[in-house]
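There are 2 protein chains.
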Amino acid sequence: MGRTSDARERLVAAALELFSERAYSSVGVAEISARAGVQKGSFYYFFPSKEALALAVTDEHWAWQRADWARILGGDGTALERLRSLFNATAKYQADALQGTGSVTGCLFGNLALEVSSINEPMRTRLQEIFDEQVAMIESHLAAAASAGELDLADVHTIAKSIVAQLEGLILFAKLFNDPAQLDSMWANSLRLLGLKERSAA
Amino acid sequence: MGRTSDARERLVAAALELFSERAYSSVGVAEISARAGVQKGSFYYFFPSKEALALAVTDEHWAWQRADWARILGGDGTALERLRSLFNATAKYQADALQGTGSVTGCLFGNLALEVSSINEPMRTRLQEIFDEQVAMIESHLAAAASAGELDLADVHTIAKSIVAQLEGLILFAKLFNDPAQLDSMWANSLRLLGLKERSAA
Numbered sequence: 039m040g041r042t043s044d045a046r047e048r049l050v051a052a053a054l055e056l057f058s059e060r061a062y063s064s065v066g067v068a069e070i071s072a073r074a075g076v077q078k079g080s081f082y083y084f085f086p087s088k089e090a091l092a093l094a095v096t097d098e099h100w101a102w103q104r105a106d107w108a109r110i111l112g113g114d115g116t117a118l119e120r121l122r123s124l125f126n127a128t129a130k131y132q133a134d135a136l137q138g139t140g141s142v143t144g145c146l147f148g149n150l151a152l153e154v155s156s157i158n159e160p161m162r163t164r165l166q167e168i169f170d171e172q173v174a175m176i177e178s179h180l181a182a183a184a185s186a187g188e189l190d191l192a193d194v195h196t197i198a199k200s201i202v203a204q205l206e207g208l209i210l211f212a213k214l215f216n217d218p219a220q221l222d223s224m225w226a227n228s229l230r231l232l233g234l235k236e237r238s239a240a
Numbered sequence: 039m040g041r042t043s044d045a046r047e048r049l050v051a052a053a054l055e056l057f058s059e060r061a062y063s064s065v066g067v068a069e070i071s072a073r074a075g076v077q078k079g080s081f082y083y084f085f086p087s088k089e090a091l092a093l094a095v096t097d098e099h100w101a102w103q104r105a106d107w108a109r110i111l112g113g114d115g116t117a118l119e120r121l122r123s124l125f126n127a128t129a130k131y132q133a134d135a136l137q138g139t140g141s142v143t144g145c146l147f148g149n150l151a152l153e154v155s156s157i158n159e160p161m162r163t164r165l166q167e168i169f170d171e172q173v174a175m176i177e178s179h180l181a182a183a184a185s186a187g188e189l190d191l192a193d194v195h196t197i198a199k200s201i202v203a204q205l206e207g208l209i210l211f212a213k214l215f216n217d218p219a220q221l222d223s224m225w226a227n228s229l230r231l232l233g234l235k236e237r238s239a240a
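Listed in order, the protein sequences are those of chains A and B.
Just so we're aligned: the first sequence equals residues 39 to 240 in the numbering used here.
Just so we're aligned: the second sequence equals residues 39 to 240 in the numbering used here.
Okay, chain A solo, but in the shape it has when bound (with noise of 0.2 Å):
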């Protein structure tokens, strides 16, 4: 069943899909290997539990993630317009979720995150890091602009870490209704966050 030279990446891809579709509780590594097109006997050559895979689907996603954040917060435009495209490019990601899979997946940390963290003490370890990385980001985004006079800011770290939070919550409410537009308040709420008018960055 399929080339064995891909077979990881294939396994990995699967278990993404299905992570995202459903509860990580609720996939076994049966369905896993028939998504992805590999022997159930051939996944344990790859990993040693759905466990190890989890934790490898994580660090994959993530990695992308993060390059596409990097991408994005370092692309044209002033420091608030690239903010903003972060935010626009995380509410096309789950429109284009319901797109192709009818639901909107909504964020596979933070699913992982309320499910996992109390059972798996690696994911939750590894969870951390993440969310830490991303608040560290958008921190260091907002570092930049309030050096290039873009804004005047108290405490750099809580408000980064409120837009965090501010995106987790409200990619919850797009994932509860599956409606991408749940996420339409992002950029207004996050003026608020950082003290500014909607209008003066309209």
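Simulated from the structure, these hints should not be mistaken for laboratory data.
Be aware that a few hints might be false.
Covered stretches of chain A, going by a simulated chain B footprint (3 or more residues, C-beta under 8 Å) [said to hold, decoys possible]:
#1 144-156
#2 159-169
Cross-link-like lysine-lysine pairs, in silico, DSS-like; alpha carbons within 27 Å at most [stated by the list, open to error]:
#3 B:Lys-88 / A:Lys-88
#4 B:Lys-235 / A:Lys-235
#5 B:Lys-78 / B:Lys-88
#6 A:Lys-78 / A:Lys-88
#7 B:Lys-235 / B:Lys-130
#8 A:Lys-235 / A:Lys-130
Computed from a predicted model, the values in this text were never measured in an experiment.
Glycine residues also receive a C-beta, built at the ideal position from the N, C-alpha and C atoms.
The hints should help you fit chain B onto chain A, whose structure is shown.
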């Protein structure tokens, strides 16, 4: 095993504990029955399925939390002071869970929203109603504060939703880091979302 008279209540209480401790998908009828001290055969006298029990747990937990929110938001002090008391009570609930069980349990509704809403339509509908009610409670509280001259808000509904999203995002961090102190910034963040400076309500 135990009195039949309160077996239903004990099943609901046991399920609330287990769904708070672990993923919904990883908890079965046998374990819930054992925790409740109810024979598994008797479970089906009260509930046709785990899904039906989960809806009952969700309803009863929201009935309790809604009454608690109403009591706090209708208490003494200014509208802003009462809103702050609500966030303090939320942080205390998580701190009590940590002290009692060793784990920050997070928000039952947020946990179920991310894990179950994509595979269980009755639960999705119920959780949508609950989050809509939470937003409506905050919205009407903010509208009353605006009428009393404590606030000047352009879009009360969006701001109420941003506050509930912020709370869910920070509760996600509290669960992930197993640390109720993640909620410490909730008040400062809410003041920003309300367009107020921290010192004005300190």
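Evaluation of the provided hints:
For a cut-off of 8 Å, the count of residues in the segment 144-156 of chain A with a CB near a CB of chain B stands at 9, and the three-residue condition holds. Counting residues of the segment 159-169 of chain A whose CB lies closer than 8 Å to any CB of chain B gives 4, so the stated coverage by that chain holds, three being the minimum. Taking the CA atoms of B:Lys-88 and A:Lys-88, the gap is near 25 Å; set against the 27 Å cutoff, the hint holds. Restraint check for B:Lys-235 and A:Lys-235: the C-alpha separation of about 14 Å stays at or below 27 Å, so the hint holds.
A C-alpha spacing of about 12 Å is found between B:Lys-78 and B:Lys-88, which places the hinted pair at or below 27 Å, so the restraint holds. Simply put, A:Lys-78 and A:Lys-88 have alpha-carbon atoms about 12 Å apart, close enough for the 27 Å limit, and the pair holds. With a C-alpha separation of about 24 Å, the suggested pair B:Lys-235 and B:Lys-130 falls inside the 27 Å cut-off, and the hint holds. A threshold of 27 Å between alpha carbons decides the hint, and for A:Lys-235 with A:Lys-130 the separation of about 24 Å falls inside it, so the pair holds.
Going down the numbered hints, you'll see the structure goes against none, and every one checks out.
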